[in-house]
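Quick mapping for you: the protein sequence lines, in order, are chains D and U. Residue numbers for the first sequence follow the numbering used here, beginning at 1 and rising by one. Residue numbers for the second sequence follow the numbering used here, beginning at 1 and rising by one.
Simulated from the structure, these hints should not be mistaken for laboratory data. Hints may contain errors.
Where chains are identical, the list cannot tell them apart; a pair therefore holds if satisfied intra-copy or between any two copies.
[Unchecked claim] Result set (EDC-like, lysine to aspartate or glutamate): computed pairs, CA atoms no more than 20 Å apart in a straight line: (1) 252 with 139; (2) 52 with 205; (3) 253 with 299; (4) 184 with 276; (5) 253 with 205.
Residues per chain are reported as follows:
Protein chains: 2
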Amino acid sequence: MPGFCTAIIGATGAVGAELIRIIQEREFPVSDLRLFASERSQGKLLEFRGGKHAARALSASELKGVEVVFISAGGAVSKEYAPVLAQQGALVVDNSSAFRGDQSVPLVIPEINGHEVVGRRGIVANPNCSTIQLVLAVEPVHRIWGLERLVVATYQSVSGTGGRAMQELRAQSMAYLEGRPLEKSVYPVEIGFNLFPHIGEFGEDGLHVEERKIVQETRRFLRDESLSVTVTAVRVPVFRSHSEAVVVTTRKKTSAREVADALRSLPGICLMEGPDAHSYATPAFAEGRDEVFVGRVRDTHPEGHGISMWVVADNLRKGAALNAVQIAEHAMGLV
Amino acid sequence: MPGFCTAIIGATGAVGAELIRIIQEREFPVSDLRLFASERSQGKLLEFRGGKHAARALSASELKGVEVVFISAGGAVSKEYAPVLAQQGALVVDNSSAFRGDQSVPLVIPEINGHEVVGRRGIVANPNCSTIQLVLAVEPVHRIWGLERLVVATYQSVSGTGGRAMQELRAQSMAYLEGRPLEKSVYPVEIGFNLFPHIGEFGEDGLHVEERKIVQETRRFLRDESLSVTVTAVRVPVFRSHSEAVVVTTRKKTSAREVADALRSLPGICLMEGPDAHSYATPAFAEGRDEVFVGRVRDTHPEGHGISMWVVADNLRKGAALNAVQIAEHAMGLV
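Using the sequences and the accompanying hints, generate a full structural model.
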């Protein structure tokens, strides 16, 4: 089959599995697929286009000749391999936060700035999952009316942490329902029927890593380094999809109706309109879907300048694997 | 035993059970306890001070001679019985929203305005669960620095809906873990490993009932009918305790350090300070405790005027039964 020699580093993880699925669904042209995993998962058989591929050990020699690489194996792996791969002329779509702050590396949500990477090779950074859905919803508002302030509270599923966290939620939930004690290994406190505002280490400013990522990446996308962004990022006992309660204050006067009109036909966004339960998406509703669902668009204070909305997306798809494959489509001239 | 002839209407519900527990724990002086339940639960035996009491059918004649009544059986029951009981000279602590908007009925959080009901008889309204913990945390900030704006996102447990909702979360979670379909009866969408911004019916302003309650009751407590309050209230798959991500903008200049100093010694509040997981409470941590836990007090925008915090409390205790018993203690001259 004609196409690109393609590699997935971190192929057996939650995002890796979704990358394999999306590459097939979207018929991304792959001539040869090389799947890499950490020691623990080597040899595991993964299905791709009807064939079985064994996950293998990562090494520079195994990556020779690769043209498109998706890395989703943590910052350390990205820092080691992404520059080498870029050097050999590959497109490297990196899902870690290792290069997101590097101004020479494009940070891309294709619906917003996909044009920046058409024909590009080297490293391109895939944004943080929570940032992608937030920025897709508020960038149009910023572009038209100007954002003065952004206040966000997130409801983030455990798949953002990975497969082991999904297993921990499952095991703790079952233990709780059966009246057994909850055993912790991945998270600092119990996640089974519980939640906590703690995603990564806390800094001296009182923000934890996830909150700092959202602030920094959102400012970069909106090209306003001093934009007022207040975030509380919270892990909730949900397996998949992230939700966000978003409140924006605009510089120019607007209304919920105008904002809804602006969002309704944009690519990548599905506006939820209708009575009651049709006015919003839930994590279960968004699971497995490609769109960012924007619902409950409503007026709030200050009058004419305050808009509140409810934003939900599948964190493994648009929040990670789908966005990465879309970046590759733009870079390789497929759109 | 000397004390007051006391009744609980809605004694078999989630809040009713907690009322019975708290009356015992706090040694509220009860001479005679009459427990009332809806038809479904009549005859059910409830334990109180070592004895068994059968829940009985509610009627005006059964309420004769009652001096203190806690009603937690929905707005319709409150509307029918509260005025009758007030007429006969009883103290009626009403947990429904039926009288919360009535300016002639005190709306009370004892730590804040308990003095308004000392010696009082007739109806006193117990605020909405989410409002109590929110107001306890932000009223001191309002009193000292003046609130200009309040933005809140809630994470509310299913016990706020009641026992049937707790059963639904349990059943749906088990079904999910066992790979069976989820059956709905209480909520409009699945709550098992899911969440939704929908608590009560939606109005034309785009707010649902719970959000409107929080806005209206908070304004009443802070004595500012035009205060800018933006709320997104969300039901989450947690059995007990509500959490809130709160962002305030103050009129006068302040800082996280000053706010923490102001909150640290206040009755009813436990300030969470410390590294990492000690800086916040979780629903599981707050369960069964009396305090409102205020954590992650941190500076945000606008500089010197923006404070963010994480507020957690047991919705059945301080959010309902405990606050109600504290109201009765004030009214009956016990504090």
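Report task. Please work out whether the CA atoms of residue 253 and residue 299 approach to 20 Å or closer within one copy, between two copies, in both situations, or in neither? Result -> within (11 Å within a copy, 28 Å between copies)
Query raised in the report: How would you label the pair residue 253, residue 205 (within, between, both, or neither) given a Cα cut-off of 20 Å?
Result: Answer is between: at 18 Å across copies they meet the 20 Å cutoff, but 32 Å inside does not.
Report task. Up to 20 Å between alpha-carbons, please classify residue 184 paired with residue 276: within, between, both or neither. Result -> For residue 184 and residue 276, only the inter-copy Cα distance (16 Å) is at most 20 Å; the intra-copy one is 38 Å.
Query raised in the report: How would you label the pair residue 52, residue 205 (within, between, both, or neither) given a Cα cut-off of 20 Å?
Result: neither (48 Å within a copy, 54 Å between copies)
Report task. Measure nothing new, just compare the shortest in-copy and cross-copy C-alpha distances for residue 252 and residue 139 to 20 Å and report within, between, both or neither. Result -> Answer is within: at 14 Å inside a copy they meet the 20 Å cutoff, but 32 Å across does not.
Comparing the model with each earlier hint shows a violation of hint 2 alone; every other hint is respected.
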